[in-house]
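One letter stands for each residue in the lines below.
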Amino acid sequence: MVVGDFEIEMERAASTRTTVNPDQGSIKSDAMELVDDPFHRFLHSPQPLPEPRFNHRMGHSPRSSDAEKLLRESSIRTNRRIKFIDCLSKDDVNISELRKLAWAGTPNDLRAAVWPILLGYLPLPSNLRASTLARKRGEYSSLVELAFARDRQGLDQQIWHQIEIDVPRTRPGVRLWMQASTQRSLERILYVWAIRHPASGYVQGINDLVTPFFQVFLSAYIDSDPEEFDTSLLPSAVLNAVEADSFWCLSRLLDGIQDNYISAQPGIQRSVKRMAELVAPAPLYVHLESQNVEFMQFAFRWMNCLLMREISVKNTIRMWDTYLAEGADAFSQFHLYVCSAFLVKWSEKLRQMDFQGIIMFLQSLPTQDWGDHEIEMLLSEAFVLNSIWHNAQSHFNAK
Amino acid sequence: MAEYDYLFKIVLIGDSGVGKSNLLSRFTRNEFNLESKSTIGVEFATRSINVDGKTVKAQIWDTAGQERYRAITSAYYRGAVGALLVYDIAKHATYVNVTRWLKELRDHADSNIVIMLVGNKSDLKHLRAVPTEEAKSFATENELSFIETSALDASNVESAFQTILTDIHRIVSSKSLEQSADPIRGPTSDTIPVAIDSSTPATGSKCC
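Those protein sequences? They're chains A and B, same order as listed. Position one of the first sequence corresponds to residue 1 (this note's numbering), numbered consecutively onward. Position one of the second sequence corresponds to residue 1 (this note's numbering), numbered consecutively onward.
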């Protein structure tokens with residue numbers, strides 16, 4: 001797609017020279033500056049952002065109406081980017097303005113700066129950012145040091161055992177996640193989080209939730225596909241920063257859904273029950289009931305892994321732009337509306353199926369080809385459901 | 001849709017990482033995946049096989065091994081007529097935990113459930129940590145059937161499922177001669193899925 005290429009082109013132009021290693025990926029030349037200041041690239045860049053080079057890209061004479069459409073679309077993108085950068089450039093970021101922008105998706109190259117702000121990991125005033133980052137990363141590295149101070153026998157055996165089993169099973173087959181250096185990072189993130197949260201400890205599926213953060217932060221430092229990247233090539237300061245930032249952002253996310261992972265997983269029980277109530281008015285609900293399908297049989301995983309077993313990491317990243325923009329409780333609240341909309345999406349097919357067909361279908365949904373468009377449709381449906389339900393609630397409450 | 005004589009619900013249980021999901025995929029799809037994702041909650045698959053001239057459809061629920069999921073997964077024991085309790089022959093701790101899994105079944109499953117102890121990963125001969133004889137005598141003492149399998153090289157997987165389904169079928173068919181228990185309707189069929197425990201309510205029972 002030309003529009004997509006066009007954006008990549010812009011991002012390439014925006015970045016500075018890179019250390020190219022075609023086989024293993026390339027590290028951006030300003031990676032070290034970026035470690036200290038995630039805003040460095042687009043706020044202090046010596047030359048202004050490049051203007052889109054329409055003529056060059058349109059060289060192969062497309063029909064004029066297509067060209068106009070592409071022009072329009074890319075100018076919308078450019079405008080959105082400019083708005084983001086304006087918003088991020090303020091001495092004191094206006095969080096509601098940033099939320100509004102991020103709800104509709106964050107440009108790829110700005111995400112590593114936007115997500116930490118939305119999560120409250122990075123402070124809004126620009127003059128506090130560098131010191132906060134340095135402090136949090138230092139804190140993380142001492143947590144790691146403390147946790148692994150003694151040899152293996154010093155670790156909490158039960159937690160470590162489960163992490164050891166699951167780390168090689170995280171995104172199996174994806175080069176980034178099959179590498180020893182990435183796996184060691186993931187182990188440290190999961191273990192340190194687990195021992196700091198003894199009520200839940202490590203629960204299977206939390207490993208999946210690390211991957212979007214890690215990939216988003218990693219992509220800020222490199223010029224190639226993060227899933228193909230060899231993390232052992234990174235300077236240790238960069239890898240440490242990616243790891244620490246992933247840890248703190250994961251912690252923030254999990255703070256909002258702790259009940260999902262404590263004994264008996266009451267958060268999930270509640271969410272699944274609530275989701276069934278939300279779907280109840282739909283004709284699909286009657287069919288599921290008639291087939292004795294229980295929501296717990298499929299929706300448990302949707303809650304436990306935040307749909308990450310149902311959609312790609314790329315899809316998840318786009319989805320989290322909106323979740324993070326929605327606010328702290330989106331991963332427990334807005335997520336319910338997303339899950340409801342997600343289920344209803346397959347209504348027509350599901351209503352033709354019997355118990356076995358339904359369960360098997362919901363276990364491996366055909367979302368392989370999903371892109372931003374499908375995710376954005378889902379998010380808007382969830383938004384509508386959310387508003388309808390809230391209006392209804394306040395209507396009932398008023399009576 | 002309902003081209004079978006019996007529908008048996010089976011659960012796959014055992015510690016994390018012993019190969020439950022691969023046993024299931026080997027049996028139902030003849031697939032093995034060296035690096036598959038962990039199972040979250042439960043996963044489901046079916047396959048029909050011939051047992052003593054009858055078509056038996058196995059409806060198999062594969063469960064997550066981690067302790068934290070126990071509250072969720074134990075709900076699936078209800079109505080199960082068979083359980084494959086899996087350990088890893090190369091990891092002694094997974095064998096030690098078999099006792100805990102048996103207690104789980106006693107607490108949550110029907111009392112007549114047929115249990116088979118399965119020592120998986122028999123291809124890892126050089127790493128064996130649980131002697132076959134030890135497991136075999138443990139199984140005998142606890143009235144479990146026993147088999148060693150390898151989902152990786154496919155050895156004995158077919159046989160494990162065939163054996164447990166045959167055992168269940170024999171018990172069920174001898175029972176139905178003794179007593180004319182009300183057939184229990186499954187959600188998917190008009191034939192007779194069977195629960196061994198005839199005290200299971202005949203109506204409103206959710207097969208799964």
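Hints were generated in silico from the structure; no laboratory data involved. All C-beta atoms, glycine included, are put in the ideal place defined by N, C-alpha and C. Careful: at least some of the hints might be erroneous.
As the list claims (entries may be wrong) - List of simulated lysine-lysine pairs, DSS-like, C-alpha gap at most 27 Å:
#1 103/B / 54/B
#2 314/A / 37/B
#3 69/A / 100/A
#4 90/A / 69/A
#5 345/A / 136/B
#6 100/A / 90/A
Unchecked claim - Among the chain A residues that face chain B by a calculated CB cut under 10 Å, a handful are:
#7 70
#8 74
#9 203
#10 205
#11 208
#12 236
#13 240
#14 261
#15 265
#16 301
#17 360
Exercise for review: Using 10 Å as the Cβ threshold, decide whether residue 360/A counts as touching chain B.
Suggested key: At about 7 Å, which falls below the 10 Å cut-off, the nearest Cβ of chain B leaves the hint on residue 360/A intact, so it holds.
Review point. Going straight from one Cα to the other, do residue 69/A and residue 100/A come out at no more than 27 Å?
Key: holds (25 Å)
**Study point:** residue 301/A as an interface hint toward chain B, with CB separation required under 10 Å
**Key:** Hint holds; residue 301/A Cβ to chain B Cβ min 5 Å, cut 10 Å.
Check your understanding: Does the CB of residue 265/A sit less than 10 Å away from some CB of chain B?
Key -> Holds: closest Cβ of chain B sits about 6 Å from residue 265/A, inside 10 Å.
Practice item. Report holds or violated for the interface hint on residue 261/A, using the least CB-CB distance to chain B and a cut-off of 10 Å. Key: Given a least distance of 7 Å, the restraint on residue 261/A holds.
Check your understanding: Would the pair residue 90/A and residue 69/A pass a check requiring their Cα atoms to be no farther apart than 27 Å?
Key -> Violated - the C-alpha atoms of residue 69/A and residue 90/A are around 32 Å apart, more than 27 Å.
Practice item. For the pair we were handed, residue 345/A and residue 136/B, check the Cα-Cα distance against 27 Å. Key: violated (50 Å)
Check your understanding: Hint check: is the beta carbon of residue 205/A less than 10 Å from a beta carbon of chain B?
Key -> Status holds, d = 5 Å.
Review point. Was the hint right that residue 70/A lines chain B, CB cutoff 10 Å?
Key: Where the cut-off is 10 Å and the nearest Cβ of chain B is about 39 Å from residue 70/A, the hint is violated.
Review point. Any CB of chain B closer than 10 Å to the CB of residue 208/A?
Key: Holds - the Cβ of residue 208/A comes within 10 Å of chain B, reaching about 8 Å at its closest.
Exercise for review: Verify the interface restraint on residue 236/A: the C-beta must sit less than 10 Å from at least one C-beta of chain B.
Suggested key: violated (27 Å)
**Study point:** Restraint satisfaction for residue 240/A [CB to CB of chain B, less than 10 Å]
**Key:** Violated - the Cβ of residue 240/A stays beyond 10 Å from chain B, reaching only about 27 Å at its closest.
Of the numbered hints stated above, those contradicted by the structure are hints 1, 4, 5, 7, 8, 12 and 13, listed in ascending order.
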